[in-house]
Structure formats: structure tokens, C-alpha cells
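All chains should be modelled from the sequences, with the hints used to inform the complete structure.
For the record, the sequence lines run as chains A and B.
Under the numbering used here, residue 520 is the last one in the first sequence; the count climbs by one each step, no gaps.
Under the numbering used here, residue 520 is the last one in the second sequence; the count climbs by one each step, no gaps.
Among the clues, some could well be false.
Remember, identical chains collapse to one label, so a pair may be satisfied in a single copy or spanning two.
Listed below are the simulated SDA-like cross-link pairs for lysine to any residue, each with C-alpha atoms no more than 20 Å apart in a straight line [what the hints assert, rightly or not]:
1. Lys181 / Ser518
2. Lys45 / Gly346
3. Lys123 / Gln41
4. Lys482 / Arg143
5. Lys181 / Leu428
6. Lys36 / Asn242
7. Lys512 / Pro205
8. Lys45 / Ala417
9. Lys438 / Leu395
10. Lys482 / Gly85
11. Lys45 / Glu423
Hints in this document: simulated from the structure, not taken from any laboratory.
The chain contents come next:
Number of protein chains: 2
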Amino acid sequence: MSQATATAHRRPSGRDAKRAARASRAAASVPFITRKIPYYQVLDKEGLQTIERNADTIMEEIGIDFREEPDALVLFRQAGCDVQGERVRFPRGLARAIVQRSAPAEFTQHARNPARSVRIGGKNTVFAPAYGSPFVRSLDEGRRYGRIEDFRNFVKLAYMATSLHHSGGTICEPVDLPVNKRHFDMVYSHIKYSDKPFMGSVTHPQRARDTVEMAKLVFGNDFIDAETGRPKTAVISLINANSPLTFDATMLGAAREYALANQATIITPFILAGAMSPVTVAGTCAVTLAEALAGMAYVQLVNPGAPVVLGSFASSLSMQSGAPTFGTPEPALVLYTMAALARRLGVPFRSGGSLCASKIADAQAAFESANTLLPTCLAGVNFVLHVAGWLEGGLAMGYEKFVMDADQAGMMHTLLAGIDLSENGQALDAVREVGPGKHFLGCAHTQANFESAFYRSPLADNNSFEQWEADGALDMAARANKVWKHQLAEYVAPPLDPAVDEALQDYMNRRKASFPDSNV
Amino acid sequence: MSQATATAHRRPSGRDAKRAARASRAAASVPFITRKIPYYQVLDKEGLQTIERNADTIMEEIGIDFREEPDALVLFRQAGCDVQGERVRFPRGLARAIVQRSAPAEFTQHARNPARSVRIGGKNTVFAPAYGSPFVRSLDEGRRYGRIEDFRNFVKLAYMATSLHHSGGTICEPVDLPVNKRHFDMVYSHIKYSDKPFMGSVTHPQRARDTVEMAKLVFGNDFIDAETGRPKTAVISLINANSPLTFDATMLGAAREYALANQATIITPFILAGAMSPVTVAGTCAVTLAEALAGMAYVQLVNPGAPVVLGSFASSLSMQSGAPTFGTPEPALVLYTMAALARRLGVPFRSGGSLCASKIADAQAAFESANTLLPTCLAGVNFVLHVAGWLEGGLAMGYEKFVMDADQAGMMHTLLAGIDLSENGQALDAVREVGPGKHFLGCAHTQANFESAFYRSPLADNNSFEQWEADGALDMAARANKVWKHQLAEYVAPPLDPAVDEALQDYMNRRKASFPDSNV
Numbered sequence: 001m002s003q004a005t006a007t008a009h010r011r012p013s014g015r016d017a018k019r020a021a022r023a024s025r026a027a028a029s030v031p032f033i034t035r036k037i038p039y040y041q042v043l044d045k046e047g048l049q050t051i052e053r054n055a056d057t058i059m060e061e062i063g064i065d066f067r068e069e070p071d072a073l074v075l076f077r078q079a080g081c082d083v084q085g086e087r088v089r090f091p092r093g094l095a096r097a098i099v100q101r102s103a104p105a106e107f108t109q110h111a112r113n114p115a116r117s118v119r120i121g122g123k124n125t126v127f128a129p130a131y132g133s134p135f136v137r138s139l140d141e142g143r144r145y146g147r148i149e150d151f152r153n154f155v156k157l158a159y160m161a162t163s164l165h166h167s168g169g170t171i172c173e174p175v176d177l178p179v180n181k182r183h184f185d186m187v188y189s190h191i192k193y194s195d196k197p198f199m200g201s202v203t204h205p206q207r208a209r210d211t212v213e214m215a216k217l218v219f220g221n222d223f224i225d226a227e228t229g230r231p232k233t234a235v236i237s238l239i240n241a242n243s244p245l246t247f248d249a250t251m252l253g254a255a256r257e258y259a260l261a262n263q264a265t266i267i268t269p270f271i272l273a274g275a276m277s278p279v280t281v282a283g284t285c286a287v288t289l290a291e292a293l294a295g296m297a298y299v300q301l302v303n304p305g306a307p308v309v310l311g312s313f314a315s316s317l318s319m320q321s322g323a324p325t326f327g328t329p330e331p332a333l334v335l336y337t338m339a340a341l342a343r344r345l346g347v348p349f350r351s352g353g354s355l356c357a358s359k360i361a362d363a364q365a366a367f368e369s370a371n372t373l374l375p376t377c378l379a380g381v382n383f384v385l386h387v388a389g390w391l392e393g394g395l396a397m398g399y400e401k402f403v404m405d406a407d408q409a410g411m412m413h414t415l416l417a418g419i420d421l422s423e424n425g426q427a428l429d430a431v432r433e434v435g436p437g438k439h440f441l442g443c444a445h446t447q448a449n450f451e452s453a454f455y456r457s458p459l460a461d462n463n464s465f466e467q468w469e470a471d472g473a474l475d476m477a478a479r480a481n482k483v484w485k486h487q488l489a490e491y492v493a494p495p496l497d498p499a500v501d502e503a504l505q506d507y508m509n510r511r512k513a514s515f516p517d518s519n520v
Numbered sequence: 001m002s003q004a005t006a007t008a009h010r011r012p013s014g015r016d017a018k019r020a021a022r023a024s025r026a027a028a029s030v031p032f033i034t035r036k037i038p039y040y041q042v043l044d045k046e047g048l049q050t051i052e053r054n055a056d057t058i059m060e061e062i063g064i065d066f067r068e069e070p071d072a073l074v075l076f077r078q079a080g081c082d083v084q085g086e087r088v089r090f091p092r093g094l095a096r097a098i099v100q101r102s103a104p105a106e107f108t109q110h111a112r113n114p115a116r117s118v119r120i121g122g123k124n125t126v127f128a129p130a131y132g133s134p135f136v137r138s139l140d141e142g143r144r145y146g147r148i149e150d151f152r153n154f155v156k157l158a159y160m161a162t163s164l165h166h167s168g169g170t171i172c173e174p175v176d177l178p179v180n181k182r183h184f185d186m187v188y189s190h191i192k193y194s195d196k197p198f199m200g201s202v203t204h205p206q207r208a209r210d211t212v213e214m215a216k217l218v219f220g221n222d223f224i225d226a227e228t229g230r231p232k233t234a235v236i237s238l239i240n241a242n243s244p245l246t247f248d249a250t251m252l253g254a255a256r257e258y259a260l261a262n263q264a265t266i267i268t269p270f271i272l273a274g275a276m277s278p279v280t281v282a283g284t285c286a287v288t289l290a291e292a293l294a295g296m297a298y299v300q301l302v303n304p305g306a307p308v309v310l311g312s313f314a315s316s317l318s319m320q321s322g323a324p325t326f327g328t329p330e331p332a333l334v335l336y337t338m339a340a341l342a343r344r345l346g347v348p349f350r351s352g353g354s355l356c357a358s359k360i361a362d363a364q365a366a367f368e369s370a371n372t373l374l375p376t377c378l379a380g381v382n383f384v385l386h387v388a389g390w391l392e393g394g395l396a397m398g399y400e401k402f403v404m405d406a407d408q409a410g411m412m413h414t415l416l417a418g419i420d421l422s423e424n425g426q427a428l429d430a431v432r433e434v435g436p437g438k439h440f441l442g443c444a445h446t447q448a449n450f451e452s453a454f455y456r457s458p459l460a461d462n463n464s465f466e467q468w469e470a471d472g473a474l475d476m477a478a479r480a481n482k483v484w485k486h487q488l489a490e491y492v493a494p495p496l497d498p499a500v501d502e503a504l505q506d507y508m509n510r511r512k513a514s515f516p517d518s519n520v
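Spelled out as C-alpha cells, the structure:
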């Protein structure tokens, strides 16, 4: 399976392994995707300007609340905003100007393995696993709370997935660890069990500092960029707005810590349309843009030039039950529009993923995930969180869903590579060789392109009905169950300098011992 | 369920029915879709010209075989082609010129209920059910051969689906009827149990004539267009090429009958890339275009001005098993490209659908179907066959899959309607009313837009995990099982003039009695 294997794959055996090896040859393992197909955009320039104008109106007339963070208010006042209490109102165009003055259009997030470093922004797309679920689900155990063992498992699966470029962050909540010390084990697991780039803790400013300290231990003398004299960006972190139009002290504090250390932040309005924004696409886009601009401006005021990403998480609310829905057309329209707005602003964009409301890895999960991931790729999202594993509106991380999503992410590599118009791609000689009424199966061109011809899914069953029945009449989830177990059994950790490992463990142990456990 | 109800819905009762009624209000029932969003195109003008040039080279150098149809060879020779045996070689640009001289850019296919007539071409999209499967599948009975009762059931389900605009054709094979007389019952069922437009028989020229005769009985004096003096287009039919680069007498004979009667044909190269075309996207597009141009030119030579549609059915072959695969990236790239080529040619385009290789309505089916239907809509397909029910590479028609696909088709209506930029759509007043930190649930704008705010899926479960468990922890297929049964139970036939009904039955009975049953 293209997701099953990595460089670390050793001694494959049996049928699954053979399939894995074949697929592995076919799937190009790249550190990130650079798209070769055009963006899809729904609104034209005039339409996008309407949204921008409305975001300006919201920021100017209504304003954004920055709660319990007096330093932020000082920064905004100095920058020319009208600050009343905790309400910050921005003169038209000011936030945009602040962002455009110093925020990089694209940047590198460094991995401890330099071959895995990712370029975020521009025509690049980076896939990361799902984030933040308290529960995990598998066919074997059903749904239960996540544990650190699950966390490590998903880090390993993401490491082995050639279609995922990033280790992610809170890949699931390790509920068996105290709330105020979990971040140590999460960050350590990302570093220990993977060499892909990862995300940092945002639940407290001190935890953000811990994340940066641990990154420093990994990169050592290499942490400071010799050319710029600034710290290298080794961590990217998720800063959600308290939508609508509000940021709280926890998130602002974490954003501040990361910005000061030149680490990347993703400023993401978290919008369930109908609750945190109006029930319309255009209204939701205007609120999202206003919040993101305000948050990104804050980051640039804290440390001009610190990498920052415009984020958008939009779901539409079920007007019957009040539950969030996924994979419906409206969030896709928001996604296409926000991506275009981010390009106009000139900053990297984060959105999308393989989102779904389904509790299990059934057809609903797949419809909804595909209807999110494909727009994600066509729109031109640069950093895609929640690519693999997401179930139940983000409440559960699914083992089977993870490998199914990784397969879909593999397909997106092929899609984004576009159409080969080389002579070999045009294949006129093949048509000349075969001619009317014959078949191309054995022709020279087919033989030459056999291996790389088409994307090969490790999970799709394309066999005859009879063969499928003989194989046990399994559905895709049942096949996925075998695949993730096989992958975990075959996992081999990437090498880590024992001195670094010791330093990380030493830091964790000292810090953990320095304050009592707490679950608040 | 938006697909569950239609004008004929009577006395809804119980929970399902209430959901149905709610969804019905939300879903706009339109005879066809007129898109308000841009097309997505992968290749630029230069790339498309490369494909066109290669198609011309194929037609000029290699040529197309027209088998056992001497009349076709005469027509092509008269038009200026080089005819050697059954091989027809086209001077560069000739087929294009023939098509562009007389083929309509768009046309109306008339339904017996004028409110259901569809406009095929331009910015319009028409959704039709799957076509041609010998088997049917349901959760209750598993997989078995299709019967005329199944055929009628699917005609009824398509009639009740507000997201489907067309009754389709060989919606499943009624294997319990003799091969040489099935077409009577199929055409009659489309007319009797639905008032949406339908497709005709193509398995023999005489069966095409029967189809046209039955359409004449339905339209009566109204069959001839008073303005043009030509027959109205009341039937559209699927003419597949015998790819690569070959047309056979059966298909050419049916195409000829329909063209002479001014009925529409869809000329569709049926390509499993790697077998009937090279293993590349660009090569597959060139072969598809060459075949389609040749077939469409034939139709225009038979009867200039007869409606004709450029069709493309492309799947990529599994290079391991030789089985067709669906929902992979390569066919989507073909789809985007062929749609753009059809627009450049100036003819309506048929492709896509909800294709999958999965045997059951599981996650594989959904991933693959979504990865076909969304590109179908973004590319700008005008006539979409196989929108609902398709399983197992077209070998089986699924009851549960049918209503699941119809739900997805409903979402596409919302997507293609684009983004409302009216003042109400921009919703600035809602943001002014609510402000930071509050929610939009009860605000005036939300109240006013409550009913139509978001697409409502009748099949997705967006409830809490606990509620879903209390409801039986059903997957989407199990929910779909309830829905199609409910729909069939609630079905009421559209009115049909008893005199027309009698005339149709009389025609069928006379014709059936005039020759012996045969299963070849």
C-alpha cells in the first residue's frame, strides 16, 4: 500500500506486503506537493472584493474582542486601532497592510530530517493527520477514550504514510495522561517516532514555551538560521479564534510565544455557520476573513515576519439539531472563496481535510470526506490539517478511517500532478502501433509505462464479484483494519541521536517533576 | 428526504415522512440545473490544442473502422474522406467542420410532461440514473439478476427523486423478459411510471424504430414541431463506440434511425484506458476525441442538425488484474479535459456519474462515486448518465446506492447554484445584530433564512454519538434501505391519458406477437 510503506519498511512477507511493495513503487514519496493544475475559484475578482469590503466593514464598525490580553490591546492601539475596553476596531485596510508588510508569502517548516522539511505557501500543499479528538475508534474495540499508546500509533502510521507529509499535532488526546503534562509526551512522540515536521501545544503559553524548548534540543546549534540570524521555524501551531469576532487569552498567549520564537501559527476562525457566523456563504467568508486578518495582524505586531497562516474551518450547522455537518456544498463554497482571498492577501492558507460527521468509516464518512478533500485540493490549500483519521465531527480518530484517508490523499498527489503532455504522455506512437479494434495491453508504450501508469489504491477492491466473495466479501473498512495492523507490525522508528533523545527525556522529566499533575 | 418526495407524495406519516416533507421544502425541484459557478479546466488552450491536433492525426493517419455498414462508408466518401475497405481516414479538420456546420450547441429533449423537458448543452446539467446493469443489489436480497419489477421500481425512484431530471434508459436489464422484446417494456415503463424524459433502445435498429414509434404515440399531433416542421426530440440514446477507433453495425444502425427521426444520440467512446487507449490521460483524450468526432460526423451526415452529444466514458484499468477502476484521479483528469474540448467544439457533453468498482454501498463506493460526481459537476457535463445506483463497474444497480447517490446529486444542485452575493447573502446586518462573542442562532437573519439555509441530507446522520447509538448505530446503507422502501410505498404514478396508454399497449402487443421470443 502506498501508505503502508516507507523507507523504514523491512522484510515484507505475504500477500499484503507484496501489494504494499508494489504500491510503494508506484507512489512517489515527496516531502510535499507542488501543484501543477490550476486553482478552482468560484467568485470572480469583483465578488472577492465584496467579501474583502465586508470584512473591512466588520473590523471597522463592529470590531474584534481581544479578551484578557492587555498587551494585545496596547499593540493594536499603537498600530492605529480604536480600542474601547477589549474591543478593537481597525481602520479600513489597516490589518491587511500590517499583514502584507511583514508576513511571509511562504516559508519552510524544518523537520529533524531535512529531507522531510515542508514548504508552506505558494503552489505547495502539505497533508497532516486529524487533530484534537478525545476518542479513538477501531473495528476491534469500537469507540473509547484515546491513550498515549494510540497517539504513538497514529504518529507511526502518519510516519509510514507516503501520502502524508506532516506528523500533525494533538493527533488524538492521550486522556490517560494529566492535562497539564500531556504536551510533553505528545511533542516527544512526534520527535521520537517520526522525522516529519510537527505541531506544538497551544493550550497554555507555558506549554508553547515547552514545545519550543524541545524543538531547540532537537535542532541544537542548527536552531538559529545562519543566514538570517533568526530561529528556524521548526513548529507550526493551531490558534483558533473564539468565533465570532473574539480571541481569548489562552490562544493569544500561545500565539505570542510562538511568534516571538519565529515559529509558525495558523490563525483559524472556527466557524459553525449559523452559530458563529451568518447562515450564508458570503457572510461566513466575511466573518472568517475579518477574524483571520485581526489575528494575523496581532502576530505580525508581536514579531514582524513571523510565519503566519490564514486558517478557515467552516462547517454548516444542521438547522434541525444544531449539530455540525460536513461534506455539504456550503463549506466547500467557503473553502474555494477563502483560498482565493488568502492568495489575494499573499499568505499561506490552511483549511479542509477529510471531514465528516459519520460515527463510523461507512459510506457517509467517505462521501463527506471526499466532498471536503477534493475541494481542498482544487481550491489550493497550503496546509491541510485533518487529512487522515477524522470521524464524528472531530470527536473520534479512526484507525480504519486513517488508512482509508491516506489512500485518498495518495490519489490527490496524482491529481495535483496534472496531465503529462510530453511525447510519452501524448502516446501517439502507441495509437499508431495498436490501431482500430485491437487492444493496448501488450503494446510497447503500455509495457514501458506499466509501473507508474495509474494510481493504485491499496484498499479499493476492483476484482470481480466472484473473487471479492471468495476473498470474504469484505467492505473497505474491514480491509483497512488489516492494513493498519500490518503497518504497525512493520513499523521501524527513524534514527534519533541518543544524546538528543536523552536531552529530551531529561527536559521532560525535570519539567514534569517541577509542578503537580492536574486535569484542568 | 429531498429525493424521497415529489409532487405525487401523498399523506406522509411518521418520522421518515416528516423528514421527507421538511427536506422537500428545502430542495428546489427544478427540471434541470443551470450552473452559476465557473467550469474547472486542467489544460490551458495550448494543451487542448495539442489534444485536438493529435485527434486529427489519429483520424488522418490511422483512421476509424466503420464495420458492416456500407451506407456509412458511402456517406464518408462523399464527404471527402479516404475510405479503404471499412477504414475511414479523415482529412485534418473535416470531421470537426462537419459537426460544427450543423450540430446544435444545445437542444431540448421533450418530456411528456412539458414541465419536465430538459435543455441539454450550454450551462445546463441533466442528471439521469445508472444504465445497463444485469444485476440488482439490495441489503435484503443481496445480488441477483434484474427483473422488470426492479426496472419499474427504479423508474419510480427516479421519478420521485427531485435531484434527478431524467428517467434514464436501460436502468437495469429485465432479465426475466426475452432479449428481443425487452425494449417494449422498458420504454413503456419509462412512459407509464414517470413523466420525465427517457432514453431509447440501441441494441437493434428496429428497436430504435420501435422506441420512436412509441414516442410518437405519446406526443401525438404534438410530435412534429410546428415551428420547424421537424420531429421534436423526445428520445436520447446511447451510442457506444467499439473502442479503439471502431464503430459496429448495431450501434451505427441505431444511431442512423434516431438521427433520421431527429432524435438525440450520445456518441460515446467507451474507454478502459490501458486496453482501449494508451495508459496516459493525454493519449486517452486524443483517442476519445477522434472516435467521438467520427461518430458525431456520421450523425450529421445522416441528418444535418440532428441533436448529437459528445460522450466520454473513461476508466483506468488495474494493471494488476485487468479490472476497470473508478474514482481514481486519471479518469477525472480525462473528464475535465474532454468537457473543455466539447465546449471548444460547441456541442453538448456527456460523461461522469457516480461510478465505482465497489460491490456494495460501502466507503469504497462512496469515495469513488464522490470522486467522479464532483469532477462531473465542476467540469461542466451537460448530460450525466449513471448518477444514481451504479455499483460494481456497472454490473449491478443498487437500491441503497440509488438513494444515496440521489442525495449526493441533491448537494450538487446547491454547489452549482454558487454563492449568493445579494444583500441578504452578504448578511452584514446579521453580523451587526449579533456582534463579537454571541451566536447567530436566534438572530433575525437566521430566522428569515432558516428553511433554505443549508443543504439537508436525508441520509447523513449528524446526531451525537449517543443519539446515533440509541437509533440503532446504523450505517448509511441501512438508513438508505428504509428510505427507498418508504419511497416505493408512497409512490403515486403521474397521470397518463388512458387513450395513450391503450395505444402504447396495443402497439406493444401487436409488435410482440409479430415475431417469436428470442434471447439472442
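Legend entry - Enumerated hints in conflict with the structure, sorted upward: When the structure is compared with the hints, numbers 5, 6, 9, 10 turn out to be violated.
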